[in-house]
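Make the complex out of the two chains shown on their own, each in a separate frame, by following the hints.
As you go down the protein sequences, you meet chains Z and W in turn. Letter by letter, the first sequence follows residues 1 to 142 in the numbering used here. Letter by letter, the second sequence follows residues 1001 to 1143 in the numbering used here.
Think of the hints as simulated: they come from the structure by calculation, not from any bench. Even for Gly, the Cβ is constructed at its ideal location relative to N, Cα and C. Just so you know, not all the hints are guaranteed correct.
List time: in silico SDA-like cross-link candidates among lysine to any residue, alpha-carbon distance up to 25 Å [to be verified]:
1) W:Lys-1076 <-> Z:Ile-118
2) W:Lys-1076 <-> Z:Ile-125
3) Z:Lys-51 <-> W:Leu-1117
4) W:Lys-1076 <-> W:Val-1134
Just a sample of chain W residues kept apart from chain Z, beta carbon distances all over 12 Å, derived [stated by the list, open to error]:
5) Lys-1027
6) Thr-1141
7) Ala-1143
Here are the simulated distance ranges between beta carbons [to be verified]:
8) W:Phe-1055 <-> Z:Ile-81: 19 to 29 Å
9) W:Val-1034 <-> Z:Asn-46: 22 to 32 Å
10) Z:Ser-74 <-> W:Thr-1141: 40 to 50 Å
11) Z:Leu-134 <-> W:Arg-1063: 17 to 27 Å
12) Z:Asp-41 <-> W:Thr-1060: 24 to 34 Å
13) W:Gly-1069 <-> Z:Leu-65: 43 to 53 Å
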Amino acid sequence: MEMDWIWGLVGGGLIGLGGAVYLLGNGRIMGASGILGGLIDGTERNAAVEKLAFLAGVVLLPLILQTVFAAQASTHMTSNITIIIAAGLLVGIGTRIANGCTSGHGVCGISRLSLRGIVATVFYILAGGLTLTLFRHVLGVI
Amino acid sequence: MRLFLSFLAGGLFGAGLFISGMTDTTKVLGWLDVFGDWDPTLAFVMGGAIVPMFFAWRLTVGRAPLVGGSFPAPSKSEIDHRLVIGSAMFGMGWGLVGLCPGPVIASITYNGWGGLLFLVAMLAGMLAAPKFGVQLDRLATKA
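Looking at chain W on its own, in the form it has when it is part of the complex (with noise of 0.2 Å):
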């Protein structure tokens, strides 16, 4: 039950990625071109996903998930370094290629070298990124 619901998701996530134009970069960087061809797509995405997401939290309330356990505690709301560092690098690349984790997974089997070569970048990274994050934190100690 539990590989069977998790396959299901990311199914779901994986065909909502492609149906959306998600995968094809021109799409995504079109809605970072203020200015340039300004393509408003991905605020479709975004809140066609922030609709259904929204009332799934709700019904987690007073309930437990189907397959037992307990629901992901309340998030935290400290806005701290790592937080806005984290996300403005994570923009840089976004930015630069198009590609976010989610539509380089879903696009693995059709983007040719070029997404694999990102993938294997995307995957170093985040290895480093906990000796990264340790230098960071000493900067901002410093600040």
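Same shape as in the complex, but just chain Z (with noise of 0.2 Å):
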């Protein structure tokens, strides 16, 4: 529990490194809404294939981790289907609205000093810690 600081610094690192890749190899900006929502709807379907092999190794890595260290990595997923498919929408509407993500707008938006990226995720941080604290700490429902 003490170190989850630590990998928390290396796994960071390699987010970054990705993006640093995707930015400087293919001059994209690496947001995975950006990605997975281009996709769906069409909007971008040049570059397709493109985001298909990004998200190949999105899936494939942490599946490669886990089979060769034998990490069984546990998500703590909630049950209750409600709020999962209330929040699936939330997140999915969100951030096609907003144009981003915790990847886009955080990583990639803070890192260019972009207005924009750091509002954002002002917003979706206080968003998010009252959400959890009226759901968990009042309702008691999460």
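Take a look at the structure:
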């Protein structure tokens, strides 16, 4: 548990390296919601194969790491169906309306000192904190 | 080359999310749980990711991407209702379950039916977003 921040820093560094490869190599901003959203609504059909290759890497590497290190990753995912569907819809609509999520606005936006990235990050962290506090400590449902 | 670099970037992203513990909803919700058992890990992940990206942005100056083309245009600075309301909605969903788009994909092979259901709902939300955005714009011009 005390080592968690080191793993956080190492993992974060890898995430940043991934973003750097995508930017310097392909000239693209590594935003998970933009990559997914652009694929399914067909707004960037010309880059579809490139995006699929990216997503293949995102899915495969955690799978390989788990197999190699025999590390059973637990996600502690809630089993409340209503909450899962509501949260999924909110994340889907919100990230597309705001044009970015934790990777696009957070990692890629803040690192280029983008005002939009910083404002978005402040708002989703505040909204996340308030929602969690309300549903966990006030209503006691999550 | 283009596809290989794309796969490499995705692999680094997925490995980073896995190693940092960001596919564990407990760690993400722990970061947002200021009044409970607060977990600062996410700040280290963000910090660790922003450092290489900061230098990457600096390297873009006066250069072109490896595969050709051009780098993304300078970011807009306009703060509008879409950015603020969209981010707030995203944050609400994030705070309910502890998943954002990257980790949803990274954990899809080991997150059970719940992860799959979240992905389907999220994709449905993404498809509904343009219509929702138009309604939002209409409200914003009235206000």
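Results of checking the hints against the structure:
no.: 1; hint: W:Lys-1076 <-> Z:Ile-118; result: holds (12 Å)
no.: 2; hint: W:Lys-1076 <-> Z:Ile-125; result: holds (21 Å)
no.: 3; hint: Z:Lys-51 <-> W:Leu-1117; result: holds (22 Å)
no.: 4; hint: W:Lys-1076 <-> W:Val-1134; result: holds (20 Å)
no.: 5; hint: Lys-1027; result: violated (7 Å)
no.: 6; hint: Thr-1141; result: holds (16 Å)
no.: 7; hint: Ala-1143; result: holds (16 Å)
no.: 8; hint: W:Phe-1055 <-> Z:Ile-81: 19 to 29 Å; result: violated (44 Å)
no.: 9; hint: W:Val-1034 <-> Z:Asn-46: 22 to 32 Å; result: violated (43 Å)
no.: 10; hint: Z:Ser-74 <-> W:Thr-1141: 40 to 50 Å; result: holds (47 Å)
no.: 11; hint: Z:Leu-134 <-> W:Arg-1063: 17 to 27 Å; result: violated (47 Å)
no.: 12; hint: Z:Asp-41 <-> W:Thr-1060: 24 to 34 Å; result: holds (28 Å)
no.: 13; hint: W:Gly-1069 <-> Z:Leu-65: 43 to 53 Å; result: violated (32 Å)
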